[in-house]
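Protein chains in written order, with my numbering: chain A, 13 to 355; chain B, 13 to 355; chain C, 13 to 355; chain D, 13 to 355.
Just so you know, the hints here were simulated from the structure itself, not pulled from any lab data.
Hints are supplied without guarantee of correctness; some may be wrong.
Same chains, same names: a pair is fine if it fits in one copy or spans any two.
To be verified - Here are the simulated SDA-like cross-link-like pairs (lysine to any residue), alpha carbons at most 25 Å apart as the crow flies: (1) 16 <-> 32; (2) 14 <-> 40; (3) 133 <-> 322; (4) 355 <-> 279; (5) 65 <-> 311; (6) 268 <-> 355; (7) 58 <-> 176; (8) 296 <-> 340; (9) 268 <-> 164; (10) 14 <-> 88; (11) 327 <-> 122; (12) 134 <-> 263; (13) 14 <-> 231; (14) 176 <-> 136; (15) 355 <-> 265; (16) 133 <-> 329; (17) 312 <-> 347; (18) 60 <-> 123; (19) 313 <-> 129; (20) 232 <-> 175; (21) 176 <-> 141.
Protein chains: 4
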Amino acid sequence: MKHKRGFASDNNSGIHPDILKSIERANSGHVIAYGDDIYTRRAILKIKEHFGKDVEVFFVLTGTAANVLGLTVSTNTFNSIICAETAHINVDECGGPENFSGCKVIPVETPDGKINIGSLKKHVRGFGFEHHSQPKIISISQPTELGTVYSPDEINELGKYAHKYNMLLHMDGARLSNAVVSLGVEFKDITADAGVDILSFGGTKNGMLFGESVIFFNRKLAENFKYIRKQGMQLASKMRFISAQFETYLTNDLWKKNAVYANNMAQLLYRELSELKQIKITQKVQSNSVFAVLPGKYIKKLQDEYFFYVWDEGKSEVRFMTSFDTTEEDIYTFTQFIRQTVK
Amino acid sequence: MKHKRGFASDNNSGIHPDILKSIERANSGHVIAYGDDIYTRRAILKIKEHFGKDVEVFFVLTGTAANVLGLTVSTNTFNSIICAETAHINVDECGGPENFSGCKVIPVETPDGKINIGSLKKHVRGFGFEHHSQPKIISISQPTELGTVYSPDEINELGKYAHKYNMLLHMDGARLSNAVVSLGVEFKDITADAGVDILSFGGTKNGMLFGESVIFFNRKLAENFKYIRKQGMQLASKMRFISAQFETYLTNDLWKKNAVYANNMAQLLYRELSELKQIKITQKVQSNSVFAVLPGKYIKKLQDEYFFYVWDEGKSEVRFMTSFDTTEEDIYTFTQFIRQTVK
Amino acid sequence: MKHKRGFASDNNSGIHPDILKSIERANSGHVIAYGDDIYTRRAILKIKEHFGKDVEVFFVLTGTAANVLGLTVSTNTFNSIICAETAHINVDECGGPENFSGCKVIPVETPDGKINIGSLKKHVRGFGFEHHSQPKIISISQPTELGTVYSPDEINELGKYAHKYNMLLHMDGARLSNAVVSLGVEFKDITADAGVDILSFGGTKNGMLFGESVIFFNRKLAENFKYIRKQGMQLASKMRFISAQFETYLTNDLWKKNAVYANNMAQLLYRELSELKQIKITQKVQSNSVFAVLPGKYIKKLQDEYFFYVWDEGKSEVRFMTSFDTTEEDIYTFTQFIRQTVK
Amino acid sequence: MKHKRGFASDNNSGIHPDILKSIERANSGHVIAYGDDIYTRRAILKIKEHFGKDVEVFFVLTGTAANVLGLTVSTNTFNSIICAETAHINVDECGGPENFSGCKVIPVETPDGKINIGSLKKHVRGFGFEHHSQPKIISISQPTELGTVYSPDEINELGKYAHKYNMLLHMDGARLSNAVVSLGVEFKDITADAGVDILSFGGTKNGMLFGESVIFFNRKLAENFKYIRKQGMQLASKMRFISAQFETYLTNDLWKKNAVYANNMAQLLYRELSELKQIKITQKVQSNSVFAVLPGKYIKKLQDEYFFYVWDEGKSEVRFMTSFDTTEEDIYTFTQFIRQTVK
């Protein structure tokens, strides 16, 4: 069956051929279940190459799990987690963070999905006062859910602020590769070296079948994670097939090529749309999504032909998302269709 | 890399070639994430063919998740769940059922992993008394963690007993196919038609890469499951790749062939081991595992050559498990090695 | 030991003499523990006199418990609870609502502690969408934590709005008596008849030793509350001593006299403070608290002499609270001291 | 209203007159809420006199809360808590320990409510194995729910065993005073000096209106307890009235007199019942309860006249419990009535 590529989400894409081959290669005979295998050891080494040799790494199955479990192991039930109002952990995990960690999640309004110290201050208080949830985590998404990207300095500043209050900096990096290539840096520059303590590092949205990881830059936090992962229903028995994917993903710059590709397609889409006066781009295009306001009456017609999501119904704001497999032709055909529709 | 097949667990096996092909076939273009796709619709139809058209089906990623989430949606925090002391939900899920559902898990001692009404009675009481956890679920594993199998009549009796007390019958069917072929029945006969309300139906241990499901025979229970699944971190974005596996698994009797094969290999292993006077088989061989007591001093030596687990260190009891890819030659080579070792 | 009365909180007060006598009277011989006693039956009848005969009533020990358990029994873990940012359930219960119910608590900014439909709309959405916490509760405090009071019409409107979306209206009535006398209505008018589904009705802040209750106007919600209360550690063994207090509280208008008295003292304080040009009253004085901004440099000096809380350090905003035992003399002495200090 | 004293439970009793007076004495003016008051400081000093100056003490409102919160703060969700099958935490807290701590509670069968190392061994294993709940707490009740008492040596042995495995010893001392006087020791001898790490020390069953405490002998464990208590809905605003009771309870041996009295009454009841051949005493009478089997047909008739509980319906086993206010006359009248009934 042949399916058209759309612009709904990078997770509507399939598996990159190299990743699929890595699964096939790992499919031989028996290996011990649950991660005590050669594929997992090699994948962890690969991750250490990119993120630093002192990290602790654990694979899980979904991005929500990477976030929820990484937050849970780092908190006590009486803590609070502060994040942007738009954060995946705040609006797209059906309350998993609260339910599993027991913590309060405190949303901060932002224009662009990025929090800063000014917006945090109001919530970073009440330490030692038992009536208040005790602030413990600042959680940022990189790139944000609005496609914007924190600079290394911005992350650093948040990290320092967090640590000053004995708090931790958590990063939801479901699309981290897209941010890294956007900034032209290395993984380390915006994680280990920028003060991040806990990272959800995802692969699914950039070519993997499934595969997410939790990386601890503060090893002490990782101490009990294996129990939390198992109790959290995220210990895969045939772990080798996640691990093999991650190894391939981080070898020969596959992660980078895919991310560059997706980002470039977003830029192309952005340029094409910018020419249309009926369309207003609403966020900086810094990774693989384009947010735009367009006349509401056309949305249905466009959606009949292409998958994509309405982000804010009230404002007629939509999100177009590119992925590793989007082609230039996809963009041109799509924008041509938009052009005809809205004119 | 070539790995030897061992006898540690059926989840040490890889992916059946037909299953792998189904993943490759589904890897085309974009489809909507999270299950609103043609592969998932087809897989659900397949499940309905086997389990009845009135069931509700949800795919998840691990067997622990299928159990924990199926139990959670069916209970309130003040309920209790009664199961065999050996049940996976009692000893192998790191307390996930208690933590996620909030319920008390009450273990019942059994000689063979099978609970019966006699052993339940002591715990099915205190209804309406607010000091006690209120009994709500009887949970059985089919086959049990000791490789034994409940007859349809036994299940029926437990189902009737559960319903008499307004309780529910839950079945952990991580290896359900092995039980079905062992009994020579259809899936329905020991689930829908035997009073089961909630089923964890697994594929990972019988040839799938990953793929578990929760099947509700009582649709009312399924009402909120989609939220519990998402909150429970088990909603896979690229769902099509679980669904495609399930469709193939349930087509052309693949599930059955694999299960028959694994069970036959266990029978062969059983016959071979029975001839050795140093070895005592401790449980009926009714599915794909053989439990045996053997002189403790040989265990290490055997394990150096083959993966397998010591079940009960005190008794020198071990578990040998076969899987869909175990060959006759594997059995003969293994038993030959045992023969030489223990003589 | 003799302690001065301050203005920190009505819960710094002691026990009203009539309430204390009711405890002494109930202290005779043995009665069955946990609520199956004559005192509890009588107290429940009293509550029904005031709130309607179809309510279900349960006594608990703290106001936080009344809120947390009332919310827990009415929700599922995947629900959200919407409240004012200043709500006790949001900022003063150390994350108890999230932790015990598993729900997301969504705070809404307000100038005066009161939410309205306009401010709710943004959060009452996503029904049926499994990625989002499902909105289930609108929770209001009456009076609010800022001392303001919802009119019966305002409550009615929120109730209708909640029910339109199959949601519930919860009221934190830790100081409900103060609101009732402020509005010159009956308890029913702003609860049963205004669309409230679940009420935390408190007595501790208005003369009781300890004693809070959860009242369900929707009996179906109460079905499992007894289990939730016991599991929630709030089933008092010597229940008669809570019940006896409630009976006395609701007899001969003791609740009303105390509330009228406390409110009047707040009005007196308000009038006295209004005369001082250095002090700015920041909220309407509608119950028993006065919020005021005063020059920050005087706060410490005032606090050395009288207990009271700084509400917002940044703004030099303080809260003065009166209680059933505040005397006119207390007010005059206090305001005299303020006058001298700030001039 | 005058109520007859029965034999249902010591918590059916009222308030000891000295305790009631302490509440009246504390009822003056305003004191800061939530425990920062002189009464609480003095009560804590009293507790330190009896339990050692290095303890940390917190007051709560119910015995279930003392247990659940003490266990919660000392565990992680992936831990297990091992206790006697008859333990209050296992059967009388409606699953509160599981729900609030997230832990697995593992019941151990015992003939007399007392666990020993032999019975624990099977469950103290699997350390480091992520599939298993990690054993963390051994919880004992002193006296047990069957009225039996652990000797200091027995406790010591359990404490050493727990610590050997990096586990903790928890004691449910809802009736600790009764055990202390039964053994003729000091509080310290069976707690601080016997290896107990966390103690629920209750007063309600021995003359207090309400008042329970959690005492930590390992101060590190207490670090976060204040947050857990608040989140756990157990921070009383008018704390002074719990504290005042505890101070009086531990002054002039009130605790001891009450406990001696209750225990003596149980001995008297035991002696009287021993003379009746239709009645068989089933447990050692070491505190303030008597367990007995008597012909089932008489139970209803006895219960019509006196409150008491059937402990095990199958065996016609009943529990008679004495309390601080039971009189010799109560015992003689009761046993006379039994004598007439069963003959």
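So, going through the hints one by one against the coordinates:
Both within a single protomer and between protomers do residue 16 and residue 32 lie at most 25 Å apart by alpha-carbon distance, with minima of 20 Å and 23 Å respectively. For the identical chains of this complex, residue 14 and residue 40 are inter-copy neighbours only, at 6 Å across copies versus 29 Å inside a copy, given an alpha-carbon limit of 25 Å. For a Cα distance limit of 25 Å, the shortest separation of residue 133 from residue 322 across copies, 18 Å, qualifies, whereas the shortest one inside one copy, 32 Å, does not. Taking the shortest alpha-carbon separations for residue 355 and residue 279, only the intra-copy value of 22 Å comes in at or below 25 Å, while the best inter-copy value is 64 Å.
Taking the shortest alpha-carbon separations for residue 65 and residue 311, neither the intra-copy value of 48 Å nor the inter-copy value of 37 Å comes in at or below 25 Å. In this homomeric assembly, residue 268 and residue 355 never come within 25 Å of each other (Cα to Cα): the closest approach is 37 Å inside a single copy and 58 Å across copies. For a Cα distance limit of 25 Å, the shortest separation of residue 58 from residue 176 qualifies neither inside one copy, at 32 Å, nor across copies, at 39 Å. For the identical chains of this complex, residue 296 and residue 340 are intra-copy neighbours only, at 20 Å inside a copy versus 62 Å across copies, given an alpha-carbon limit of 25 Å.
In this assembly of identical chains, residue 268 and residue 164 lie within 25 Å of each other by CA distance solely inside one copy; the values are 18 Å within and 55 Å between copies. Taking the shortest Cα distances, residue 14 and residue 88 never come within 25 Å of each other, neither inside one copy (48 Å) nor across copies (40 Å). Both within a single protomer and between protomers do residue 327 and residue 122 lie at most 25 Å apart by alpha-carbon distance, with minima of 16 Å and 23 Å respectively. Within a single copy, residue 134 and residue 263 get their C-alpha atoms no closer than 43 Å, and across copies no closer than 44 Å, so neither meets the 25 Å cut-off.
For the identical chains of this complex, residue 14 and residue 231 are neighbours neither inside a copy (45 Å) nor across copies (34 Å), given an alpha-carbon limit of 25 Å. Taking identical chains as interchangeable, the C-alpha atoms of residue 176 and residue 136 lie at most 25 Å apart only when both belong to the same chain, with a minimum of 11 Å there against 37 Å between chains. In this homomeric assembly, residue 355 and residue 265 never come within 25 Å of each other (Cα to Cα): the closest approach is 41 Å inside a single copy and 55 Å across copies. Proximity of residue 133 to residue 329 under the C-alpha cut-off of 25 Å is restricted to the inter-copy arrangement: shortest distance 18 Å between copies versus 30 Å within a copy.
Taking the closest pair of Cα atoms, residue 312 and residue 347 come within 25 Å of each other only inside a single copy of the chain (15 Å); across copies the shortest separation is 65 Å, beyond that limit. Neither within a single protomer nor between protomers do residue 60 and residue 123 lie at most 25 Å apart by alpha-carbon distance, with minima of 35 Å and 47 Å respectively. In this assembly of identical chains, the alpha carbons of residue 313 and residue 129 never lie at most 25 Å apart, being 42 Å within a copy and 32 Å across copies at closest. Taking the closest pair of Cα atoms, residue 232 and residue 175 come within 25 Å of each other both inside a single copy (15 Å) and across two copies (22 Å).
Only within a single protomer do residue 176 and residue 141 lie at most 25 Å apart by alpha-carbon distance; the minimum there is 18 Å, versus 36 Å between protomers.
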